[in-house]
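Keeping their order, the protein sequence lines are chains G and Y. Per the numbering used here, the first sequence starts with residue 22, numbered consecutively. Per the numbering used here, the second sequence starts with residue 20, numbered consecutively.
Hints may contain errors.
Calculated from the model, a selection of chain Y residues having no Cβ within reach of chain G, i.e. all distances over 10 Å [stated by the list, open to error]:
#: 1; residue: Arg-37
#: 2; residue: Leu-51
#: 3; residue: Thr-53
#: 4; residue: Leu-55
#: 5; residue: Lys-81
#: 6; residue: Leu-82
Using 30 Å as the maximum straight-line C-alpha spacing, the simulated DSSO-like pairs for lysine-lysine come out as follows [stated by the list, open to error]:
#: 7; chain 1: G; residue 1: Lys-150; chain 2: Y; residue 2: Lys-105
#: 8; chain 1: G; residue 1: Lys-222; chain 2: Y; residue 2: Lys-77
#: 9; chain 1: Y; residue 1: Lys-48; chain 2: Y; residue 2: Lys-77
#: 10; chain 1: G; residue 1: Lys-95; chain 2: Y; residue 2: Lys-81
#: 11; chain 1: G; residue 1: Lys-104; chain 2: G; residue 2: Lys-77
#: 12; chain 1: Y; residue 1: Lys-81; chain 2: G; residue 2: Lys-150
Hints were generated in silico from the structure; no laboratory data involved. Backbone N, C-alpha and C fix where the C-beta goes; we use that ideal spot for every residue, glycine too.
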Amino acid sequence: MEQLETITNKETVFDAAVWVDAHGDFLYSFAFSRVRDQWLAEDLVQDTLLAAMQAKNAFESKSSERTWLCGILKHKIIDHFRKSSREVELTDEEADMTSYDYLFREEGVWKGHWSAEARPAEWNDNPEKVLEHAEFRGILTHCLGELPERVANCFTLREMDGFDAAEICGILGISSNNFWVMMHRARLHLRRCIDFNWFRKTEK
Amino acid sequence: MVWRVLPGCRDITALVSRSMENDLSWREKLVLKTHLYTCIACRRYLSQLKFMSEVIAKREEKLEKGETAAPRLSADAAERLKNALKSSKTLIVFVLVSCF
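Let the sequences and hints guide you as you build the complete structure.
Encoded structure:
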């Protein structure tokens, strides 16, 4: 019996190490790109691998091991989003659009039009190239992180995971109107933040 | 003066955002189209939202391929993960399973 335990124990160690070495980077990058927090991403990967160990016999070799693990991780991330979203209504912080007032003119004939300073200027770059810069990737994460958490999560579910409005409303427990407010807010902010921190600085 | 009753860029940016999800009525589409026709700043706003979507899609692609797209697991973190898995009590399952 003791011998059996040693054998299984060894196998456990072996398998876990293999997963961490083979897919750890990928799973962590995937989690981090969605939750933007080092510790949380690590926890999610750990939960994923633990769940995978327990459900190992459910794995069918039809799909690749990585796809299978990533599927479990996606569920863990969505669960996390679901748990961190308890309110149906927008919080004051989420609903506050006054921080974007400066983007538009407040009076005069051109009231409601872009202010001179915030008016979108040309972005002379392409998405593929810009991603090669580590600094740009950092700015993207930073800008998302500046948003209230649920707003960032909403944007993440839509743009990274491709869920539709109804699915996201279900996960976050929000109304469709609040979904549109969150998306609008996230886009206004991200465009401005990327513009300000990258395009206006590097003068490409 | 017509532009007084027409929505300004502030309202248009909300429509632009919803147009990314194809959620506009024909009336809103018309309002948006008319505005974009004359407003280069909002046209840029739309194209920059598309740019951001493409950046994110490309980043996802790179992630899948294992190219540098997001921060990687540090050596410390990898070690922590291995230790956590080692100490987990899932031995019995492994007696039964012998695939890969």
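So, going through the hints one by one against the coordinates:
Chain G draws Arg-37(Y) into its interface by the beta-carbon criterion, the shortest separation being 6 Å against a cut-off of 10 Å. For Leu-51(Y), the requirement that its beta carbon stay farther than 10 Å from each beta carbon of chain G is met, with the minimum near 14 Å. Every CB of chain G lies more than 10 Å from the CB of Thr-53(Y), the least distance being 15 Å, so the non-interface label holds. Residue-level check passed: Leu-55(Y) sits 12 Å from the nearest beta carbon of chain G, beyond 10 Å.
Its beta-carbon lying about 7 Å from the closest one in chain G, Lys-81(Y) breaks the requirement of being farther than 10 Å from that chain. The claim that Leu-82(Y) is not at the interface with chain G is violated, since a C-beta of that chain comes within 10 Å of its own (minimum 6 Å). With a C-alpha separation of about 41 Å, the suggested pair Lys-150(G) and Lys-105(Y) falls outside the 30 Å cut-off, and the hint is violated. At roughly 23 Å between alpha-carbon atoms, Lys-222(G) and Lys-77(Y) fall within 30 Å of each other, so this suggested pair holds.
For the hint pairing Lys-48(Y) with Lys-77(Y), the CA-to-CA distance comes to about 28 Å; that is within 30 Å, so the pair holds. With a CA separation close to 17 Å, the supplied pair Lys-95(G) and Lys-81(Y) stays within the 30 Å bound. Under the criterion of a C-alpha separation no larger than 30 Å, the hint pairing Lys-104(G) with Lys-77(G) is consistent with the structure, at around 26 Å. For the proposed pair Lys-81(Y) and Lys-150(G), the alpha carbon gap of about 12 Å is at most 30 Å, so the pair holds.
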